[in-house]
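Sequences and hints are given; from them, build the entire structure.
Sequences listed follow chains U and S, in order.
For the first sequence, the numbering used here assigns the number 43 to the initial residue and increments by one for each residue that follows.
For the second sequence, the numbering used here assigns the number 5 to the initial residue and increments by one for each residue that follows.
Bear in mind the hints are in silico, worked out from the structure with no lab data behind them.
None of these values were measured; they are calculated from a predicted model.
Backbone N, C-alpha and C fix where the C-beta goes; we use that ideal spot for every residue, glycine too.
Warning: the hint list may mix true and false statements.
As the list claims (entries may be wrong) - Straight-line Cα separation of at most 30 angstroms, DSSO-like style, residue types lysine-lysine; simulated pairs: (1) S:10 with U:101; (2) U:61 with S:69; (3) S:21 with U:61; (4) S:43 with U:61; (5) S:89 with U:61; (6) U:256 with U:224; (7) U:232 with S:10; (8) U:61 with U:101; (9) U:87 with U:99; (10) U:257 with U:136; (11) U:142 with U:232.
To be verified - Computed beta-carbon distance windows for the label pairs: (12) S:102 with U:90: 53 to 63 angstroms; (13) S:95 with U:208: 40 to 50 angstroms; (14) U:147 with S:71: 21 to 31 angstroms; (15) U:76 with S:79: 30 to 40 angstroms; (16) U:167 with S:118: 29 to 39 angstroms; (17) S:71 with U:63: 22 to 32 angstroms; (18) U:180 with S:22: 51 to 61 angstroms; (19) U:150 with S:49: 31 to 41 angstroms; (20) U:76 with S:22: 45 to 55 angstroms.
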Amino acid sequence: MNQHPGIFGKKLGATQIFKADGNVAACTVIDVSELIVVGHRTTEKDGYSALVLGYGKRKASRTTKPLAGHFKKQGVEPVQHVKEFRLAAEEVAKYAIGSKLDLNAIFTVGQFVDAQGFTRGRGFTGVMRRWSFAGGVGSHGTHEYFRHGGSIGTNMTPGRTLPNVKMAGHYGDEKLTVLNLKVARIENEKGLLLIEGGIPGARNAMVTVRGAVKKKNAGKKA
Amino acid sequence: MNTAPKINALEAEFIRKDLPEFRSGDTVKVHYRIVEGDKERVQVFQGLVIKQRRAGSRSTFTVRKVSFTVGVERIFPLYSPRIEKIEIVGRGIVRRARLFYLRELEGKAARLKDQKDA
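Structure below.
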């Protein structure tokens with residue numbers, strides 16, 4: 043499990059920046075201006091330690107009374123999105139409830155990070171788009187069989203279609219993590235984080251960015 | 005231009021005001037800083053602007069020249085910090101923004117009328 047500090051925020055879209063050497067870097071822009079700490083999880087009380095982050099304001103009229111009570115107990119305004127980040131207890135203690143996050147304290151430019159989001163939903167999709175099947179031939183007498191997947195199994199043995207055979211169905215809107223992207227730029231005052239490369243998700247969708255699990259020292263340069 | 009105002013603000017800082025305005029059909033000299041090994045030097049690429057992509061800080065332009073009978077096209081990011089300067093050599097008269105038809109033409113047919121001659 044990724045136990046490195048991270049943030050979650052709104053994916054604004056993509057742009058490009060010119061790096062110091064003049065090269066262009068294609069970047070995804072993440073807005074974390076509305077991100078606050080809304081709670082702590084402690085080993086004594088919850089059995090594990092984690093930092094609870096909240097994003098965006100939730101209207102009072104859209105907040106149920108139980109939910110409002112939950113936020114009132116922590117002394118914070120109700121938020122739209124809540125996410126827990128598993129962290130070591132001493133790391134959690136660094137963040138006061140209700141405070142904003144300092145991007146410069148969490149990330150450094152050039153650091154490797156993992157980004158997670160939900161891919162854009164594509165609805166019910168045929169096998170050609172969903173699994174890159176070749177489809178049928180366009181001629182040689184074929185009719186009404188152009189975008190089909192072909193056979194889904196054998197007749198007598200085993201006499202049934204095996205599980206997990208690739209078929210048409212719902213495609214997209216699934217959690218996807220992209221490993222080892224680079225932090226291109228940190229705009230702490232504006233609350234923006236620029237990550238080199240693409241991050242799954244539609245514009246205005248929530249995405250998570252944490253230190254890279256498969257690099258030493260959370261992807262930071264020593 | 006991007007649809008997100010915050011991205012537009014981010015892109016605005018890359019836009020350079022020191023470059024001259026030019027358009028398709030103009031002949032330009034692009035002074036471009038290139039790195040050779042560990043040395044840096046300025047290379048001049050002179051040719052005809054056949055395409056401009058106007059997209060805020062992400063704008064590019066394509067310059068075409070014929071070098072030793074071989075057509076060479078180069079796409080420059082307009083606001084690249086590697087562009088030292090852009091000189092305008094001539095302003096041609098053209099009736100369209102994308103001059104791809106010049107690729108098919110050679111020699112005398114590939115010339116454009118200049119604005120100062122007309």
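**Asked** Of the numbered hints stated previously, which ones are contradicted by the structure, given in increasing order?
**Response** Result: hints 8, 13, 14, 16, 20 break, sorted rising.
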